[in-house]
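Undergrad: Listed here are the chains, written in short residue letters.
Protein chains: 4
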Amino acid sequence: MAMVCLLDFEAYAEKYLPKIAWDFFAAGADECSTRDENILAYKRIRFRPRMLRDVSMLDTRTKILGTEISFPVGIAPTGFHQLAWPDGEKSTARAAKAMGTCYIASTYSTCSLEEIAAAAPGGFRWFQLYIHRNRAVSRQLVQQAEALGFQGLVLTADLPYTGKRRNDVRNGFRLPPHMKLKNLEGAFEGDDRSEYGLPPNSLDPSVTWDDIYWLRSLTHLPIVIKGILTKEDAELAVRHGVQGIIVSNHGGRQLDGAPATIDALVEVVEAVRDRVEVYLDGGIRKGSDVLKALALGAKCVFIGRPALWGLAYKGEEGLQDVLRILRDEFRLSMALAGCASISEIGQDLVQFSKL
Amino acid sequence: MAMVCLLDFEAYAEKYLPKIAWDFFAAGADECSTRDENILAYKRIRFRPRMLRDVSMLDTRTKILGTEISFPVGIAPTGFHQLAWPDGEKSTARAAKAMGTCYIASTYSTCSLEEIAAAAPGGFRWFQLYIHRNRAVSRQLVQQAEALGFQGLVLTADLPYTGKRRNDVRNGFRLPPHMKLKNLEGAFEGDDRSEYGLPPNSLDPSVTWDDIYWLRSLTHLPIVIKGILTKEDAELAVRHGVQGIIVSNHGGRQLDGAPATIDALVEVVEAVRDRVEVYLDGGIRKGSDVLKALALGAKCVFIGRPALWGLAYKGEEGLQDVLRILRDEFRLSMALAGCASISEIGQDLVQFSKL
Amino acid sequence: MAMVCLLDFEAYAEKYLPKIAWDFFAAGADECSTRDENILAYKRIRFRPRMLRDVSMLDTRTKILGTEISFPVGIAPTGFHQLAWPDGEKSTARAAKAMGTCYIASTYSTCSLEEIAAAAPGGFRWFQLYIHRNRAVSRQLVQQAEALGFQGLVLTADLPYTGKRRNDVRNGFRLPPHMKLKNLEGAFEGDDRSEYGLPPNSLDPSVTWDDIYWLRSLTHLPIVIKGILTKEDAELAVRHGVQGIIVSNHGGRQLDGAPATIDALVEVVEAVRDRVEVYLDGGIRKGSDVLKALALGAKCVFIGRPALWGLAYKGEEGLQDVLRILRDEFRLSMALAGCASISEIGQDLVQFSKL
Amino acid sequence: MAMVCLLDFEAYAEKYLPKIAWDFFAAGADECSTRDENILAYKRIRFRPRMLRDVSMLDTRTKILGTEISFPVGIAPTGFHQLAWPDGEKSTARAAKAMGTCYIASTYSTCSLEEIAAAAPGGFRWFQLYIHRNRAVSRQLVQQAEALGFQGLVLTADLPYTGKRRNDVRNGFRLPPHMKLKNLEGAFEGDDRSEYGLPPNSLDPSVTWDDIYWLRSLTHLPIVIKGILTKEDAELAVRHGVQGIIVSNHGGRQLDGAPATIDALVEVVEAVRDRVEVYLDGGIRKGSDVLKALALGAKCVFIGRPALWGLAYKGEEGLQDVLRILRDEFRLSMALAGCASISEIGQDLVQFSKL
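Residue numbers (the UniProt record's numbering), protein chains in the order written: chain D, 1 to 355; chain P, 1 to 355; chain S, 1 to 355; chain C, 1 to 355.
None of these hints come from the bench; they were simulated from the model. It cannot be assumed that every hint is accurate.
Remember, identical chains collapse to one label, so a pair may be satisfied in a single copy or spanning two.
What the hints assert, rightly or not - Simulated pairs of lysine to any residue, SDA-like, Cα-Cα distance not exceeding 20 Å:
1) Lys43 to Arg216
2) Lys182 to Ser112
3) Lys43 to Leu203
4) Lys63 to Val137
5) Lys299 to Leu175
6) Lys231 to Ala295
7) Lys182 to Asn201
8) Lys63 to Glu195
9) Lys63 to Asp328
10) Lys299 to Ser341
11) Lys19 to Ala2
12) Lys180 to Asn134
13) Lys19 to Asp59
14) Lys43 to Ser33
15) Lys19 to Leu203
16) Lys182 to Ala118
17) Lys231 to Met1
18) Lys43 to Ser353
19) Lys19 to Val4
20) Lys97 to Glu68
21) Lys314 to Phe173
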């Protein structure tokens, strides 16, 4: 089977992963409207490609928070990589480094931050944080991440509680016994691990904007907030001093009915007025999707499920394949749209279809 | 089979109910466009969820006409509950009381109002009225309801004649002989019971707005009008002194081509300008639908078919399951949208998709 | 099989008619977009139904060109009724008379105008004219129709040439040898009857607006023009002195890509400003479709294919069934929308869905 | 099997061509959205047909760059005609001449320009140019085309690199060994012919608008630029002195997400303001599509895949069939829309559907 586009990796993963793992990765909240809209929304955006520009030299490099990446596609934080590949997040870290891009490691990793850091020394990584009721746990993780060389802290804002994913309920999904949330080992007493390997309700639903100041007090890392979908929250984020915003609906896994991220991006970018960097995740399946997101103002995009499919295919090597395909498709799309470098990608490159 | 969402109850009911009963409950007028639009219209509404608000304490309580309910979902009036479960409306009354919400008992109940009242003493109930040609019948029912402690009178305005439901015609639907419209027993002479267990044309198609005054003269109960779909009728309702309006198209069973209730809600709420309470029924299948309706100005929603599916599943217990799922989904949706209480739900929480 | 709605008659006709006849009646031009749009366009129109109006007495009567019909649905001109039922147009004439409505007999009838007139003496009929290259043929037909008591002359304007209906080409459709275009017998010399039973190109494609004056000189009958789809042509029709306009796209059989008639109606009605009566054919399948057309300004609608399905089912009796169902559905829709008579049907009863 | 419309030829070609050849001709970039939109976009355009105009004499002739063609449909440049029919482009040239229209021969022909010219002496032909890195190759081809009597030079602007066509990648598509790109024989050294029969990256991605001046210096032929989709590029094309613009997205084979050509046409025509001629290719499947394109301002349209289907059916004769069907459908559409000649086709003949 030739792996030509990201959908080939999806088909592979669906075929070879255990159903319970596939269902967990594929899950969306409720009726999965938002999950599916993330993808469909790209199809309603049309390019306005420009011709006869010199595209013999193509440069896909960009910088996020000052660090160069080889092309504007990073790895979004997702949990439980060992469900996809035995080496788990260690493979992810290696693939991201090999491809010269950024990997956001999740609090819910099945490898520890030390293991991740050791697997790919010098790699460009951010750490994604869920704030737990036990704030000491969170503080420790943030400080550990900084100490290990992670270069950014990503606060997930859209999960005060876990969304209702019907198939996970039906399957009674929980992490297999031989996998651990390594970053949280020992953090909780007792044996109940029924909620994704943690005691129920261990996350803190009382987190507010003021907790950005608390995080600020813990670390020198730049803070990126993930899960913003409105101009109002974008403004609040800027005012509370974050360095970046990831427009995200958690892959459609939290509030079903939330807008597609590419649709929400427009509103957020307009509100932010270049004061901080804006990124996006959700629905990226082709290089041209990346180009559309950049044209609408994203500095970089992140992939979630496609990275997991790559891992499921061949671990580090499979994820590199996924990233390489996206990079090559993105580069080709740039050329066919008349852009030789990232700086030439502007808003007049796209228009929303009236349909 | 795990009962995870309301659609599971629908599938159960379709599988286990006699076809003629299923068809009757499922029926819509003509091509069922309006019935189906009731559901589809929700999918065109997008949330604008807000992040980083303290949602550790969630309060779903609200009041309708001054009475508190534990969450803003009541039981819409539907007929013939014994078709779904042997105990019929008695089970419905018990489930509604147990879950702390309002049950609107139909004129076309297969249990009498006394039986309903006795089944769940102290429960919060309204009585739904069809006005019959024989006005004495209607007067007696209204006064009986008031005497039995029903706390509101709901006048159905959209059924001067019964809509054309093709499958009911094909099936030659009529109530099985062992079931009776208990509230109307003895009200009509003769044996012809061919129209839903009643003599044909027993409803009065000459009812007009002035009959609100007549009802007013019969009872001290607040009057709620059900079946309003336009701003003009909303204005008339307010002027005629009703206390509440249920935006309803009778589940799409009357005039096919009428708008989805969530679409009509906007126009009605705007016209009413908070002078009376506005409710809605039709198409509620998930907690997020409830949240959308409240964001657009409904004080409370009512469920029709899903209640029947709950009954068909396990009677009182099944209906409690349905209500509990809706309540939990609603609460989770509130939290994920950044609302800790009903009063925080506002119109800026939603927007209509351009598609 | 219960005949509950018009689609039941369609299914019957498709099942029992010879394929070549079914295909001919069902045919649309090219890809049948316009044929199908005629129906789909109704689904995009929403009612704004009004409640609590006295609808105990319902009156569906109206007048077209001064003659009363019992409800606003007539029989559109279609050819070759013997393909559907042995008695052909004689059955059609009887059914229309029995139901108290207007029948527009086609030039391409398989019964002669005399036979049609004799089959239902005193019936309300108009005669539909195609102008042939041999103008003497047309003159004679017009004068014969007037002499036989036809009360209106309908000029079809949209068939300078016959549209391309792929299945008819594939089937090599022609009239069976035992059927004749009785009104045109002897009108043409030679044996070539390859185009719908006539010599090829017998229709005159050079007809222009001035020919309205020529028709005017031949007859005292009111002239109705059929096939108008634009405001410009509506204005020309009024200026040339016609008494009525039928908004029609020939059932989608001529120019594929022409608008649905219910969409074009709005533009035509606006241009005509009540100076002449406006009718519509195309896509009427339910009583509520009739109500929508009247709300948008049509004085009456005409049915084409549904009449043929009625004939195919049981001749005169089957067509009466079709008309009766439409009448009853229309009456019920009126009542449920709050209209007791035709004069109460206004434009505020409908709105175009944004979708 | 009767060949009634162009889709019949498509079905034939899909059935009888080797899969690898069918896939190559059918291919679109990525998800084929643009390829499919090219066709779907026509369905969103409605005619505003005019009635009672004298259409007894129909004239479909027009001129492009001063040369008369018998109807406004030419043959777009496509490669590798021997994949469809053994005689390849020689058959194409003969069919185009026989039908009195223009054939744009591709750089990637499997017959040489001499063979093409000799096959149909005196035929009206343009030559399509890809500019190669080796500019001498391109210069020679242009001068050879002019010497051989080609009357126009068409520069393809939208292929700095080849689009990603998934099936071609899966199939490992390359030209069979017995076929040659005759115009490029001897132009490249070495044996690697892996990219469509050429060495990889032989096209020059550094071509810019200034190269129009270079082409101008090589030939007296009028220059037409193909692949323009925006008003900005249309303005640049006019300013750089081209004589014509073909609005094209390369049949959806280059940048997936580019607009349908009929949608882009409106913007280009408006920008050009009649300073040069505007043509279109992409999605033409029926005569009414041609009429829509002309109504929106195209001087002429070109067909790509349908020409190949015609070749695959019966070579020269099959392509004539395709052209004849399109011509007859176009003529009939003109008549049914009330246009007797090309000059009567105006913008008020169409409107974009709101849906």
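Undergrad: Each hint needs a verdict: does it hold in this structure or not?
TA: To see whether the hints hold, each was checked on the structure:
1. Lys43 to Arg216: Intra 39 Å, inter 39 Å, cutoff 20 Å: neither.
2. Lys182 to Ser112: For Lys182 and Ser112, the Cα distance is within 20 Å only inside one copy (5 Å; across copies 61 Å).
3. Lys43 to Leu203: neither (36 Å within a copy, 30 Å between copies)
4. Lys63 to Val137: neither (31 Å within a copy, 41 Å between copies)
5. Lys299 to Leu175: Answer is neither: 34 Å inside a copy and 41 Å across each miss the 20 Å cutoff.
6. Lys231 to Ala295: Answer is both: 18 Å inside a copy and 18 Å across each meet the 20 Å cutoff.
7. Lys182 to Asn201: Within one copy, since 18 Å is at most 20 Å while 49 Å is not.
8. Lys63 to Glu195: Neither: 37 Å inside a copy, 34 Å across copies.
9. Lys63 to Asp328: Result: close within a single copy only, 18 Å intra versus 43 Å inter.
10. Lys299 to Ser341: within (13 Å within a copy, 36 Å between copies)
11. Lys19 to Ala2: between (23 Å within a copy, 17 Å between copies)
12. Lys180 to Asn134: within (19 Å within a copy, 60 Å between copies)
13. Lys19 to Asp59: This pair counts as neither: shortest intra-copy Cα distance 40 Å, inter-copy 37 Å.
14. Lys43 to Ser33: both (15 Å within a copy, 8 Å between copies)
15. Lys19 to Leu203: Classified as neither: same-chain Cα gap 27 Å, cross-chain 47 Å, threshold 20 Å.
16. Lys182 to Ala118: For Lys182 and Ala118, only the intra-copy Cα distance (14 Å) is at most 20 Å; the inter-copy one is 57 Å.
17. Lys231 to Met1: neither (44 Å within a copy, 43 Å between copies)
18. Lys43 to Ser353: both (9 Å within a copy, 15 Å between copies)
19. Lys19 to Val4: between (24 Å within a copy, 18 Å between copies)
20. Lys97 to Glu68: within (12 Å within a copy, 58 Å between copies)
21. Lys314 to Phe173: Neither. Shortest intra-copy (24 Å) and inter-copy (26 Å) distances fail the 20 Å Cα cut-off.
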